[in-house]
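A.B. asks: Using the hints provided, position chain U relative to the given structure of chain R.
Protein chains: 2
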Amino acid sequence: MNIEWLYTPCQSLDTAAHSAAQARQMQLTKPPGALGELENLATRLAAMQGTERPAVDAVWITVFAGDHGVAAEGVSAFPQSVTGEMVRNFARGGAAISVLARALGADLEVINLGTVNDPYDAANVTHLRLGLGTANFIVEAAMTPAQCAVALRAGRDSAARAKQAGAQLYVGGEMGIGNSTAAAALACALLNETPQHLAGPGTGLDRAGVGHKIKVIQRALTLHADHLADPSEALRRLGGFEIAALAGAYLACAKTGLPILVDGFISSAAALAAERLCPGTAQWFMYAHSSAEPGHTRILTALDAKPLLNLGMRLGEGSGAAMAVPLLRLACALHNGMATFAEAAVSTKC
Amino acid sequence: MNIEWLYTPCQSLDTAAHSAAQARQMQLTKPPGALGELENLATRLAAMQGTERPAVDAVWITVFAGDHGVAAEGVSAFPQSVTGEMVRNFARGGAAISVLARALGADLEVINLGTVNDPYDAANVTHLRLGLGTANFIVEAAMTPAQCAVALRAGRDSAARAKQAGAQLYVGGEMGIGNSTAAAALACALLNETPQHLAGPGTGLDRAGVGHKIKVIQRALTLHADHLADPSEALRRLGGFEIAALAGAYLACAKTGLPILVDGFISSAAALAAERLCPGTAQWFMYAHSSAEPGHTRILTALDAKPLLNLGMRLGEGSGAAMAVPLLRLACALHNGMATFAEAAVSTKC
Chain R
0 MNIEWLYTPC QSLDTAAHSA AQARQMQLTK PPGALGELEN LATRLAAMQG
50 TERPAVDAVW ITVFAGDHGV AAEGVSAFPQ SVTGEMVRNF ARGGAAISVL
100 ARALGADLEV INLGTVNDPY DAANVTHLRL GLGTANFIVE AAMTPAQCAV
150 ALRAGRDSAA RAKQAGAQLY VGGEMGIGNS TAAAALACAL LNETPQHLAG
200 PGTGLDRAGV GHKIKVIQRA LTLHADHLAD PSEALRRLGG FEIAALAGAY
250 LACAKTGLPI LVDGFISSAA ALAAERLCPG TAQWFMYAHS SAEPGHTRIL
300 TALDAKPLLN LGMRLGEGSG AAMAVPLLRL ACALHNGMAT FAEAAVSTKC
Chain U
0 MNIEWLYTPC QSLDTAAHSA AQARQMQLTK PPGALGELEN LATRLAAMQG
50 TERPAVDAVW ITVFAGDHGV AAEGVSAFPQ SVTGEMVRNF ARGGAAISVL
100 ARALGADLEV INLGTVNDPY DAANVTHLRL GLGTANFIVE AAMTPAQCAV
150 ALRAGRDSAA RAKQAGAQLY VGGEMGIGNS TAAAALACAL LNETPQHLAG
200 PGTGLDRAGV GHKIKVIQRA LTLHADHLAD PSEALRRLGG FEIAALAGAY
250 LACAKTGLPI LVDGFISSAA ALAAERLCPG TAQWFMYAHS SAEPGHTRIL
300 TALDAKPLLN LGMRLGEGSG AAMAVPLLRL ACALHNGMAT FAEAAVSTKC
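Chains as they are written, first to last, in numbering that gives the first Met the number 0: chain R, 0 to 349; chain U, 0 to 349.
So that you can see chain R by itself, here it is in the shape it has in the complex (with noise of 0.2 Å):
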């Protein structure tokens, strides 16, 4: 299986589109700048979409699942069972996505790409079978070449079938116990950074499991040194299913012109590893939040990322892009909507 489609170029954006909106903020009812933010999102998103007038009405999440072998090495405060577990609770509508999806509206698919119990009974989930999860990526890849390819293609699936329903928005989720581990070791390997500064208490270890999960990416950082200079193989040895499936969601979104709400700090990692593969991929993001993930502040900077919220939420699931839908809503409904100087017969400045 081949990954070939992942370098071919990104869409790029209608500057036409994104002057026409500039120009349209300039003559609404307000100061100029005074939105703040909600100004740049709107002619951002004009500019994706290739309208002066653009909309988030339709919205796309898709959550990926899987396993990750290296949580034998106690790197995390959950029981690897929560991973599947977590997916019926996706599929049931009790997860913190699944309340938010419904509350705005938004579509969510569940994709499993392969748990270690089995939560294959679960309905309204695609269960793709990669394995019980990753290996063990403290000795060997975490996934083989074949999986990889797999998942990254998953990802791909997902934004056509995104495209196909006329999402407006992509969001991707995320759920495996311990990607926050899988998530850091690869920031580490595509930023040449220490696992010091990227990996952080993920959903709750205290300062001695902090500091184990440092020594297990060193040692997975240790292992793999000779091949982490390409970012395929990267994320291959020291990503996960659900991260190289973000990862291909990602890429996917950007050759075919959707925009990308990116969430924490598992997708921020998936989403640097998309920009590294294909440059010009981080043109179609927007970036929901900051994570109370320690380790998410350096990817954000690499990215150069401005993120809307910082609540000090650290779910995933895609679950703090789903709380910053709402600001693009209504960043576009103040565009769209706001009567010019000339409409309302507002003086202007002095």
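Among the clues, some could well be false.
[Stated by the list, open to error] With a straight-line cut-off of 30 Å between C-alpha atoms, the simulated DSS-like cross-links for lysine-lysine are:
(1) U:LYS305 with R:LYS305
(2) U:LYS305 with U:LYS162
(3) R:LYS162 with R:LYS305
(4) U:LYS214 with R:LYS348
(5) R:LYS214 with U:LYS348
[Claimed, not checked] Chain R is nowhere near these chain U residues, computed Cβ spacing over 10 Å in every case:
(6) SER18
(7) GLY49
(8) ARG128
[Unchecked claim] From chain R, some residues computed to sit far from chain U (all C-beta separations above 10 Å):
(9) GLN10
(10) MET25
(11) GLU108
(12) GLN167
(13) HIS196
(14) GLY199
(15) ARG206
(16) GLY210
(17) ILE213
(18) ARG218
(19) ALA304
FYI, nobody ran anything at the bench for these hints, they're computed from the structure. Even for Gly, the Cβ is constructed at its ideal location relative to N, Cα and C.
C.D. replies: Frame of chain R, contents of chain U only:
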């Protein structure tokens, strides 16, 4: 007209509902604390609404407008006629807050307390005709005792209408050319600060303009110095019709048990005045955003406030608060709608 009602006690928060909501948060299928500030929002709303399961479906927004005599000193980037022109724009649905209220399904009322030009033909606006704006506070007190009392009562009446309509959240907004000068002067008096720390560009002053604004505020603080220890006198002498109305609304909400979402710089100055007039009012405050107006941080710090958003907004009208309403709604949706570990059969922490 007396203002004795300002000093009647605030309603107490429901500590039992707060504890029940906190206990519920600990059982939801997420690592404890992983929803960050959203958990605090839900449990605080529970305490305010006296129920384990809070809701903010019904949102009430009142925008208070009024002109300022101090505008004669050239302290704004926009001409004074804009206040009345914007009252019409609110009524016709073209202003930012009009668009946001529609998008949120919130009730919006507009109270014009007194403007220099005449927007009195504007439909859907209550006109209280307190005067052609306040007096210039570098010459005399901004308001007579009667004007200030009527403005405070206008706020109280607005809160009463909100309560009567079944509102679950109160948002106050304001419009008044010159009101960032009044709010800064009032905050200086209440915080015993210098205008250098509270005055900013408002709707768009340049550096020289801000310097002039600081001198104007200093003249007012000197003129009224002997009367500023009493917060009701500080409000009357340095505030404005719409600022007094906001303070009155906040006080009435706290006395009748209606949660308040505070907007930006002007609203926060009114909120600070309300808390000084009747300590305990601030228990009923949530803070929507951190404004780009530099003095806002000082006021927020004095109120021990942790605003939800920081989007570089500086528009007023209640627009920043409106932007934060979906965060409150989604916090409630998560709190009420997520499955517990037991319901979802998900394993808890190792």
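A.B. asks: A cut-off of 10 Å on Cβ-Cβ distance, and ILE213 of chain R was said to be off the interface with chain U. Does that hold?
C.D. replies: 19 Å, holds
A.B. asks: Is the nearest Cβ of chain U still more than 10 Å from the Cβ of GLY210 of chain R?
C.D. replies: Non-interface label stands for GLY210 of chain R: nearest chain U Cβ at 17 Å, farther than 10 Å.
A.B. asks: Closest CB-CB distance from ARG128 of chain U to chain R, is it above 10 Å?
C.D. replies: 22 Å, holds
A.B. asks: Over 10 Å to the closest beta carbon of chain U is the bar; see if GLU108 of chain R clears it.
C.D. replies: Given a closest Cβ separation of 19 Å, the condition holds.
A.B. asks: Please settle this one: GLN167 of chain R was flagged as non-interface, so is its CB more than 10 Å from every CB on chain U?
C.D. replies: For GLN167 of chain R, whose nearest Cβ neighbour in chain U is about 16 Å away, the distance exceeds 10 Å, so it holds.
A.B. asks: Once the closest CB in chain U is found, is it more than 10 Å from HIS196 of chain R?
C.D. replies: Answer for HIS196 of chain R: holds, closest chain U Cβ roughly 22 Å.
A.B. asks: Measuring Cβ to Cβ, find out whether GLY199 of chain R lies farther than 10 Å from everything in chain U.
C.D. replies: 12 Å, holds
A.B. asks: For LYS214 of chain R and LYS348 of chain U, compute the direct alpha-carbon distance and say whether it is at most 30 Å.
C.D. replies: 22 Å, holds
A.B. asks: A cut-off of 10 Å on Cβ-Cβ distance, and ARG206 of chain R was said to be off the interface with chain U. Does that hold?
C.D. replies: Since the minimum Cβ distance to chain U is about 16 Å, ARG206 of chain R lies beyond 10 Å and the statement holds.
A.B. asks: Using Cβ atoms and 10 Å as the threshold, tell me whether GLY49 of chain U really stays out of contact range of chain R.
C.D. replies: 23 Å, holds
A.B. asks: Classify the label on SER18 of chain U as holds or violated, using whether its beta-carbon is more than 10 Å from each beta-carbon of chain R.
C.D. replies: Holds, because the least Cβ-Cβ distance between SER18 of chain U and chain R comes to about 21 Å, which exceeds 10 Å.
A.B. asks: Regarding the pair LYS162 of chain R and LYS305 of chain R, is the alpha-carbon distance no greater than 30 Å?
C.D. replies: 26 Å, holds
When each numbered hint is compared with the structure, no violation occurs for any of them.
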